[in-house]
Structures are given as structure tokens and as C-alpha cells.
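Peer 1: Construct the entire structure; sequences and hints are all you get.
Read top to bottom, the protein sequences are chains A and B.
The opening residue of the first sequence carries number 1 in this note's numbering; numbering runs sequentially from there.
The opening residue of the second sequence carries number 1 in this note's numbering; numbering runs sequentially from there.
Among these hints, one or two may not hold up.
Said to hold, decoys possible - Capping the alpha-carbon separation at 20 angstroms, the derived lysine to aspartate or glutamate pairs in EDC-like fashion look like this: (1) A:K295 / A:D263; (2) A:K176 / A:E204; (3) B:K14 / A:D331; (4) B:K17 / A:D78; (5) B:K44 / A:E248.
It should be emphasised that the hints constitute simulated quantities derived from the structure, not laboratory data.
Keep in mind that this is a model prediction, so the values were computed, not measured.
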Amino acid sequence: MVHQYKMNGYNIVMDGNSGAVHSVDSVAYDIISMYENSNKDEIISEITKKHKITDEEVIETIEDIKSLVEEKLLFSVDPFEEVAMEFKKKQSVLKAICLHVAHSCNMDCKYCFAGKGDYSGKSGIMSLEVGKKALDYLVEKSGTRHNLEVDLFGGEPLLNWDVCKGIVAYGRELEKIHNKKFNFTLTTNGILLDDEVIDYTNKEMSNVVISLDGRKKTHDFMRQTKDGKGTYDRIIGNFKKLADARSEKEYYMRGTYTAYNKDFADDILHMADLGFKETAMEPVVGPPEEDYVLKDDDVDYLCEQYEKLAMEMLRREEKGEGFNFYHYTIDLTGGPCIVKRVSGCGVGTEYLAVTPTGDLYPCHQFVGQDDFCVGNIYEGVTNKKVIEQFETCNVYSHKECKNCFAKLYCAGGCAANAYFSKGSINEVYELGCKLHRKRIECAIMMKVAEEDKGLKEE
Amino acid sequence: MTRIKTISTRNLVKSAKIGGCGECQTSCQSASKTSCSVANQHCKQCINK
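Peer 2: Dropping the structure here:
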């Protein structure tokens, strides 16, 4: 399907099935919008009248459109639905685990999807023995995959830092034996981030995710200590030190926005103003009765915020003061293959979460949902019925996605969001979809603008 | 084409032939933990070229 929109003075046409993107003038934009449902004479009649141009000019553009159609770059048919399950089977090898090294937290964030760190269960700390066994399990199930990923996650993983380091050291041993490469990520709230942790992560972690919600008032309202104090002042210096020392290595400053900071663009710009160049911010997920969750009525305003952010990012980029926002990072020429775009994030197939006691779940967001416990690291996957749901889940198993222009950018969306909002992983979380579509529109507009203005690629 | 500029994008049909190697980053391993951001990833094979 074709999606057309106007933003920042650009007329943009996306061909959803091929992934092609076209920047067009207003004449071509109007012709494309009529192309499928009007004949040539109707198009000529309307366009010459509206744009005050000659028949020949209209015909020339119609011919250009026709050649793009022939090249399958416009109004292309979807060639992937029938082979979707073949693609999905390529995801049957485990390559990433989210290790919940601590079901415990030294903060008490109001919106925490992890039940204040313990995932609505018993709090617990992962032993080194469980951590090692989890890595063994990953290697055993990884087939020929060379790059393996391990996220040291929580709760707050720095509450179990010695075990984290033991797990990393064990991974380095396994790399040599099995010819694998472990890419470790640490996700931390920053409270316990000190020089030793910073030095270690810069040596050993391929990515560090640091949690900040933006401006002090925003952050301190949601992200508090157990005794109700804001944490901004305690962590900001630690984060600055980490980012400065990170050099070329990957990090993200990641935030969450809620109904209490719908003007979240200013929170992301605050991160950039502080000097953080790698930012990310996601809408909160939570039970609908909570006061912080976002409502359908908020969507228009939130979309304006995304647009405001994109415009400001371009302005700064032109001045040589650019920064990255994860959700606008789209690599049009070197992005993911169609197999990944159809198959999705790999939840329950190539990605699993491991609890402190070694239980396995399809992903971190399902931890604590007893029905979704699929086994453990000692016996492997035993609950095949649950895993089968994920093995067949792909962009085409969501009927709502069939005619969505964004389907090959989100692969049908987050299974956990769908489950928690609609009760099935094959449904969609509509509010999330609306925001995701806007993010993609903004990201594509930025690519068009960068090309137009000769700004360099990231 | 005078009125249409096509932005360079990856040919998705061709990508099926070499696709599915699984060496790229898992989306929830980067910065998203609550949404599916597969399109925000890079292809390892493209990077290595």
C-alpha cells in the first residue's frame, strides 16, 4: 500500500510493501493520490485545473509514475505474505537472553512494569551458578549464530554487580571454546554507578542503557527512591561521567514519558542540552486505571511532540549540533532484511528472559505472568504450547497490520503490548501503533530533509 | 524525473536472499524494552560490506 503525507514542507510518498520512499512536488503528490482510482483523462482534467499546468506536464508525470510502478517501487504488491512462515523459521535459533540478575531495586518508580523490581513475585538475586548456566544454555541453543547478546537487567543489576562481572568473565571463557562473541548490555538506573563500574562497562559492555526521564521535575516525579525522594541530582553526574568515558562505544540515555509529561519533546531536548548524544524515549505502558497512562485523546498532542522533536533535531543538525534519537534512527540502505521485518523482535524464539532462579519467559515483559513461564535453564523449554504461539507470530498474523504502511518497520508491534492491552499476542496495541506510525513518518521526513539539505548520514 | 525524487532504500525483495542470518542486534537489546523497533536496527551484512 502507498502512504502519503506532508511534513516540514515535504510531500512524502512511502510504498509500504517495497520500502521505497519518494519525495515529490505537489503536482506528483496529487496525481499519485488519484492514480489508482481515476483514469488518465480524469487526472489530467483535475490536475491541470488545480495546478495551472499543461496536459503535457501532467502526462509526463503520469509516465514517471507508471515507470515506478513497473519497477515495483510504487503501488507494489506484497510478495512476502506467502513466505512469512519460511522467514519465521529462520528465527528458531536462540541468540539473545535478558538476564534478570536482580529482582530487586533501590528505586521505587511509580510506573515500573517490573512491579518495583520484583515482577510481582518474590524478590531475588541471581546466583553466579544460574548466570553461568544461562550462558551455557544460550550457547547450546545458538546453533551457528556467532554474535550472542546478553542484557544484564533487573530490577537494578548493579545490586548484583559481582555476579554480573562473574557472568561476563564466564562469557569470555565460552567465547574461546565455542567461537562465539558475547555482546553484553547493562541497563541501570545510575544510583550505584561509580568509577569502577564505569571503567568496567567501558571495557566489557557493548552497550549501556541509562535511565533518565528528562527534565528534573519530570524525572523526580516518577523516578524516586524508596523514601520518596527524586533521584535526578544523584544520578546525573554519574551518567555524564559514563557518557563522556564511553567514547565510540554504544550507549543510550533512555526515558519513559507518561501522562504527566506529554510535552516529552522538551525532556529529550533536555538530555541533548546536557550533552547526551544518544537518546531514546518510549511511551509508558501500564494498566489503564493508572493516572500516568496515556489515553487515546492524547495522541494528537503526542504526535505534535514527535514532529516538534524532529524539526528541532534537524535545526541542530544543520548547525552541527545534532544528536540521535533512537526511534528516528532508520538506516534506509543498510537496515534490516525482510526476514527480520516480517518475523519481528524474536520474542519467545530467538530472545528469552531468564529470572534469578533460572525460569524462562518469552521476554522480560512477560516475567511474572505464570502462564508464560516456558521452562527453565536446566530442563529447557517445556511449555511448548506457549512457545508455539510465538513461533507463528509474525507481521501477517496480525490482521490489523495487513494494510498498514508501517508494518515492515515494526513487524506487527510488541507482543507484550498486544497481550496486556488486548489479551492476545496476535492483536495490536492501537495507541502504540498510532505513535509508532508518527515516529516512522518523522524519521522518514528527516531522511528526506537530510538528503535535500546535504546533511551527512549518521 | 522532474517532480519525483526517489530516496535510496534497501531492496527488500533482494534482501530475502541473504536475509535471516540472525547476526544483527535484537531490538530489545538496544534502547527499546516496551515496543518493537526492528526497523531501527542495522544489518550486520550491510555493515561488513
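Peer 1: Would you mind marking each hint as holding or not holding in the structure?
Peer 2: Do the hints match the structure? See the list:
no.	hint	result
1	A:K295 / A:D263	14 angstroms, holds
2	A:K176 / A:E204	15 angstroms, holds
3	B:K14 / A:D331	16 angstroms, holds
4	B:K17 / A:D78	16 angstroms, holds
5	B:K44 / A:E248	18 angstroms, holds
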